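Undergrad: Could you put the whole structure together from the sequences, leaning on the hints where they help?
Start counting the sequence shown at 137; every next residue gets the next number (the numbering used here).
Just so you know, these hints were derived from the structure itself, not from any lab.
Every value quoted in this text rests on a predicted model; they were computed, and no experiment measured them.
Treat the hints with care, as some may be off.
[As the list claims (entries may be wrong)] Keeping only pairs whose Cα atoms sit at most 25 Å apart, straight-line, the calculated BS3-like set for lysine-lysine is: (1) LYS392 to LYS365; (2) LYS383 to LYS366; (3) LYS224 to LYS304; (4) LYS366 to LYS392; (5) LYS234 to LYS366; (6) LYS365 to LYS220; (7) LYS304 to LYS332; (8) LYS220 to LYS392; (9) LYS220 to LYS360; (10) LYS224 to LYS366; (11) LYS224 to LYS383; (12) LYS224 to LYS234; (13) LYS220 to LYS332.
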Amino acid sequence: MFKIIRHSLTKRWIQSVATLFTVAISVGILFALYLLYHGITMGLSTSENRMGADLLVIPDDARDLQDSSELLFTGAPVCIYMNKNYEKEVAHISGVEKVSAQFFTQTLNASCCSTATATRLIGFDPATDWAVQSWLKKLPAKSLAYNEVLAGRNVSGFIGSNTYILGKKVHVAANFEPTGTSLDHSIIMNIDLARKMAQGKPELQHFWQRYGDPDQIISALLVKVEAGKKDEVANAITDLGDLAVIKSSDILQGIKDQLDTVFYIMLGAGLLAALASIFQLFARFYSLAWDRKGELGLYRAMGATRRDLKILVIGEALCLTSGGIILGSILGSIFYYLILLLLESQKAFPFIPAAWPAVLFGIIGITTLFELIGFISAWFPARQSGKIEPSAAMALGDID
137 MFKIIRHSLT
147 KRWIQSVATL
157 FTVAISVGIL
167 FALYLLYHGI
177 TMGLSTSENR
187 MGADLLVIPD
197 DARDLQDSSE
207 LLFTGAPVCI
217 YMNKNYEKEV
227 AHISGVEKVS
237 AQFFTQTLNA
247 SCCSTATATR
257 LIGFDPATDW
267 AVQSWLKKLP
277 AKSLAYNEVL
287 AGRNVSGFIG
297 SNTYILGKKV
307 HVAANFEPTG
317 TSLDHSIIMN
327 IDLARKMAQG
337 KPELQHFWQR
347 YGDPDQIISA
357 LLVKVEAGKK
367 DEVANAITDL
377 GDLAVIKSSD
387 ILQGIKDQLD
397 TVFYIMLGAG
407 LLAALASIFQ
417 LFARFYSLAW
427 DRKGELGLYR
437 AMGATRRDLK
447 ILVIGEALCL
457 TSGGIILGSI
467 LGSIFYYLIL
477 LLLESQKAFP
487 FIPAAWPAVL
497 FGIIGITTLF
507 ELIGFISAWF
517 PARQSGKIEP
527 SAAMALGDID
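TA: Below is the structure:
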């Protein structure tokens with residue numbers, strides 16, 4: 137039976153290829169959409185849970201270097217600074233529960249650093265921090281030694297547990313689990329260590345000449361506020377001076393709204409392609425019962441049963457859909473990476489790639505869906521083919 141199915145498909149190879157590619161494109165679009173939607177949904181959800189602060193306070197001129205989404209969701213180096221006295225002033229604002237300072241610097245594309253590219257270094261204050269400390273509780277020591285660092289999941293270039301950062305040897309205590317935030321692309325360390333590393337590098341001296349001694353400046357403030365007072369506190373902070381306030385929840389909601397529009401368009405394209413696949417499969421096998429009466433009648437005359445003809449028609453459909461699914465999975469992976477690169481080039485957003493179990497679930501789901509579509513599309517034509525009598529082979533001359 138398989139040889140007969142293969143003969144039928146190769147004999148009408150143009151129709152077969154057209155049908156296969158229609159299925160493949162449908163599968164590819166839906167598979168890429170699934171991977172993107174899963175990654176962004178996981179990124180938004182995880183970053184919202186692990187952002188750690190209601191407000192992020194930065195120098196007002198920092199927005200000239202990076203927009204808010206790039207600051208929150210990428211590890212692009214950003215050297216922004218303000219006087220550390222702002223930490224005390226913000227802490228005294230009514231409605232503020234917690235405040236913690238951070239100091240940003242960066243690795244260099246030089247022999248002093250083991251990282252593959254320039255990477256953001258984030259110094260945190262162990263005395264006031266709560267965001268990073270929640271991660272440290274998972275370590276055996278429950279804390280980070282002075283010469284230890286935490287590396288984001290996407291930081292590359294490290295070999296082993298020891299590495300060099302700005303000429304100083306440090307120990308990588310652990311890697312962050314995916315967070316969907318800038319932590320995935322950054323290196324975390326004690327704020328005093330970050331300041332000491334940065335202070336002695338000639339390449340960074342122009343920052344200290346402009347902003348002052350590293351011990352007297354900070355880059356950002358994490359602020360946790362009382363429920364319902366976010367806007368009130370944000371306004372009070374901006375009144376203190378040249379400060380900008382980033383509301384993480386507003387940024388996440390804005391990104392979600394923008395990406396929802398993209399997904400609706402992609403979903404519409406995927407559904408249209410799927411409908412085209414259904415129509416083409418049904419049309420191909422519906423016409424089969426009429427255009428190949430002579431061939432099918434000959435099979436009956438040679439001893440094939442009605443069940444054999446049904447298996448032939450349905451087998452062709454399942455072979456085409458199976459081939460389309462395999463090709464579509466490859467195309468979907470390519471679509472996924474291309475669309476992701478396009479989206480990331482337009483705007484930074486939280487993203488956590490799908491793990492293998494989620495990818496496998498998507499493949500199984502799409503395979504089941506399209507095999508079912510192929511079976512349903514061929515079921516009625518298969519029933520019609522089963523009604524063909526052997527005498528039809530004597531009357532028609534379309535035998536292959």
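Undergrad: A separate judgement is required for each hint: does it hold in the structure or not?
TA: Going down the list of hints, with the structure as the test:
no.	hint	result
1	LYS392 to LYS365	holds (23 Å)
2	LYS383 to LYS366	holds (8 Å)
3	LYS224 to LYS304	violated (31 Å)
4	LYS366 to LYS392	holds (20 Å)
5	LYS234 to LYS366	holds (13 Å)
6	LYS365 to LYS220	holds (24 Å)
7	LYS304 to LYS332	holds (10 Å)
8	LYS220 to LYS392	violated (34 Å)
9	LYS220 to LYS360	holds (18 Å)
10	LYS224 to LYS366	holds (18 Å)
11	LYS224 to LYS383	holds (20 Å)
12	LYS224 to LYS234	holds (11 Å)
13	LYS220 to LYS332	holds (16 Å)
Checked against the numbered hints above, the structure breaks hints 3 and 8 and satisfies the rest.
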